[in-house]
Amino acid sequence: MVQAIPAYSINGDPLLTEAEAAAYISMSPKTLGRWRSQYPDRLPFVKIGGWSVRYRRSVLDTYINGQTVTYGRGVQK
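The opening position of the sequence shown corresponds to residue 1 in full-length UniProt numbering, with each subsequent residue numbered one higher.
In short, the hints are calculated from the structure, not lab data. Glycine residues also receive a C-beta, built at the ideal position from the N, C-alpha and C atoms. Heads up, some of the hints might be wrong.
Now the in silico label distances, taken between C-beta atoms and shown as ranges [as the list claims (entries may be wrong)]: (1) Pro40 with Tyr71: 29 to 35 Å; (2) Tyr71 with Lys47: 34 to 40 Å; (3) Glu20 with Tyr71: 18 to 24 Å.
Build out the structure end to end from the sequences listed, making use of the hints.
Following this line, the structure appears as structure tokens:
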């Protein structure tokens with residue numbers, strides 16, 4: 001099955017709209033907006049034309065992987 005690539009893509013790494021990015025990581029667009037203003041380093045974003053916000057899918061994947069919690073021998077990692 002072939003997936004559609006969003007309108008913006010750099011080297012095959014899609015740039016997702018705020019709504020697409022929020023859906024991709026199961027959060028609300030409002031949360032992403034709050035993070036942009038309060039914690040700009042938490043989830044890097046791209047501004048196109050000075051106002052249009054996009055998120056690289058690879059950055060979202062890195063964020064998700066960084067949130068992985070594993071337990072072993074009673075220690076949270």
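Return the numbers of the hints above that this structure violates; sort them in rising order. Violated: hint 3 alone.
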